[in-house]
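A.B. asks: Now for the letters of each chain:
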Amino acid sequence: MKAKKAKEKSPNFTPIVNVEVNKEDFVHAGEGSSQIKANLLKLGYSPKAIRQVAVASYEAELNIVIHSLGGWLECGVRPGLIRIIARDKGPGIADVEKAMQKGFSTAPPHIQQMGFGAGMGLPNMKSCCDDFSIESKAGSPTVITMLIKDEG
Amino acid sequence: MKSHSVALEKGRCVGCTACIKSCPTQAIRVKKRMAVITEARCIDCGECIRVCPKYAKIANTMDLEAIREYRYPVALVSPALYGQFPLGTDSSLVLSGLIEMGFKRVVDVAQGADYLENMINGYVEDHPDIRPLISAGCPAVSRLIAVRFPELAENVIPIFSPAEIMAKLTREKMIKEGYPSKEVGIFYLAPCTAEVTAARNPLGMDERIIDGSISISDVFWPLFNIVKGLKVPIVNSHFSAKGLRWSCIGGEAKMLKGNYSTLAVDGLGPLIEVLEALSMGRLQGIDYIEGRACTCGCVGGVLNVENSYVAREIVRQTSRLLKTEVDMEEGLLNWQDYQWTHNLQYQAALLLDEKPEVAMLKLEAVNDILRKLPGMDCGACGAPNCRALAEDIVQDQADQMDCVFVFRDRVTSLAEDMVKLSRKLPLSISEDV
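Chains as they are written, first to last, in our numbering: chain R, 1 to 152; chain Z, 1001 to 1433.
In short, the hints are calculated from the structure, not lab data.
Fair warning: this is a prediction, and the values are worked out from it, not measured in the lab.
Hints are supplied without guarantee of correctness; some may be wrong.
[What the hints assert, rightly or not] Calculated pairs, DSS-like style, for lysine-lysine (alpha carbon to alpha carbon, straight line, at most 30 Å):
1) K137(R) x K89(R)
2) K48(R) x K1355(Z)
3) K42(R) x K1021(Z)
4) K1362(Z) x K42(R)
5) K48(R) x K1031(Z)
6) K1031(Z) x K42(R)
7) K1362(Z) x K1032(Z)
8) K1010(Z) x K1021(Z)
9) K42(R) x K1173(Z)
10) K1032(Z) x K1010(Z)
11) K1032(Z) x K1104(Z)
12) K126(R) x K23(R)
13) K1362(Z) x K149(R)
14) K1323(Z) x K1104(Z)
15) K149(R) x K1355(Z)
16) K42(R) x K1032(Z)
17) K1372(Z) x K42(R)
18) K1228(Z) x K1254(Z)
Required output: the full structure, derived from the provided sequences and hints.
C.D. replies: Here it is as structure tokens:
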């Protein structure tokens, strides 16, 4: 359903990956990003773009695992441009501006002990892509949309 | 393209599917009861040779006779060779045995590893902005990166392998001593197919510096019989414990002098996992990755005769008797003088099409076909898994009916249609109203 909606909104992106990401599933975190990477190699995107996408999509995937109730990772492409959308089922971010600051984290201690949740996720994502947008508020789902240009 | 060193002995291949599953780049298909390798994808790791139950996959190496084409044949001895001999065998006797076999000079690659130590330390220090750096010590790993992880190509250290270092030094030295370069033939006694290919078609360089490669497994038995009868060495080996242990996993990482965090990963499966993690930015804080395609490192190379774990133990035990540092003839060498002429290049062998628009359409078609395939990844069609078959279909290299399940469903539905038709009678004789 969700994937269909996204497709309708921007018809020029061909969807290539749409995977469900489960809450606190650290074991499988990264599989969606890995699938995205494998597909981009088949499509001929440049190593530089693939590197950016791999990092950005993994951070997004991990954010869903750590902070949300679960969600979806999607990748759509068109020549020269890659779009990653990470959407979750909530619980939403109360202060988006604060969440964008380096080092700010709301990850619980047990997750930080595992080496995750250092407060670099969102800033890292932003630095890896050419366009970054985040929609969220407390009590509602979060949607992160990232665009990565491939200049070859 | 005859640059690869993995080949097929046609009479032996029975068209089973053992190799197609083991290939890390999905380069093999079984067609007409025979394995076929897609050259552009092959990274010469030798996994298919290792798993082939019929010994049909072979290494394209030279035989010992080839050394007679040169007046001054030189043997470049992989340290893995010492792991093949029983514990306690004097390495100088092994080298002397090679002289008896016809080589005019023997050179230890372990010595090249001793020279490498200063080079990698220099490179790591001079490039603090690239982390982690990835060792180019295993050419199969470098080629895997070129095909499957091009985004990591800039992390690969673009310097000579120990064998290449020694080949260059030896040729320069012999020319200085007055030997005509044309009459000097440098032969690598290689532990694996990746090294054989790297000698023939070096990574990062346009010119080859090694003239040919001979498989350790081809040299071992004749050499073993000679060494058995030798008492006094006529040449001496000269390398440190570290240089010898470079052939075992972890040996190179241990050469780093600073307080660096390193990963030493052996075996293609675990290595691919590490490279995936690295590509996603998951390996923060790691400075250096020593990846080796074979378990235990070069001692586990597919052209060796001894079991990789046993060979590693023999090398370890032997190295305990050696000094940790030895005086090197050339002193310390700098990486700048042993640099590749160009960095590791992306090999776009997995591409569905050169044109992005067409590739996109093909990918959509692959996904459509994939939904109709059973997802069992049985390999009976000759492709390693359903996705690979779907790609082959889109590339006109295969047909949906190659899938035994799709084929069976089609036969079933045709048979049902036949039964239905056979019961249908013309109106003239039909009793139905």
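A.B. asks: Could you run down the list of hints and mark each one as holding or not?
C.D. replies: Here's how the hints hold up against the structure:
{"no.": "1", "hint": "K137(R) x K89(R)", "verdict": "holds, 12 Å"}
{"no.": "2", "hint": "K48(R) x K1355(Z)", "verdict": "holds, 18 Å"}
{"no.": "3", "hint": "K42(R) x K1021(Z)", "verdict": "holds, 20 Å"}
{"no.": "4", "hint": "K1362(Z) x K42(R)", "verdict": "holds, 10 Å"}
{"no.": "5", "hint": "K48(R) x K1031(Z)", "verdict": "violated, 36 Å"}
{"no.": "6", "hint": "K1031(Z) x K42(R)", "verdict": "holds, 23 Å"}
{"no.": "7", "hint": "K1362(Z) x K1032(Z)", "verdict": "holds, 26 Å"}
{"no.": "8", "hint": "K1010(Z) x K1021(Z)", "verdict": "holds, 19 Å"}
{"no.": "9", "hint": "K42(R) x K1173(Z)", "verdict": "violated, 47 Å"}
{"no.": "10", "hint": "K1032(Z) x K1010(Z)", "verdict": "holds, 11 Å"}
{"no.": "11", "hint": "K1032(Z) x K1104(Z)", "verdict": "violated, 47 Å"}
{"no.": "12", "hint": "K126(R) x K23(R)", "verdict": "holds, 22 Å"}
{"no.": "13", "hint": "K1362(Z) x K149(R)", "verdict": "holds, 22 Å"}
{"no.": "14", "hint": "K1323(Z) x K1104(Z)", "verdict": "holds, 27 Å"}
{"no.": "15", "hint": "K149(R) x K1355(Z)", "verdict": "holds, 17 Å"}
{"no.": "16", "hint": "K42(R) x K1032(Z)", "verdict": "holds, 27 Å"}
{"no.": "17", "hint": "K1372(Z) x K42(R)", "verdict": "holds, 21 Å"}
{"no.": "18", "hint": "K1228(Z) x K1254(Z)", "verdict": "violated, 34 Å"}
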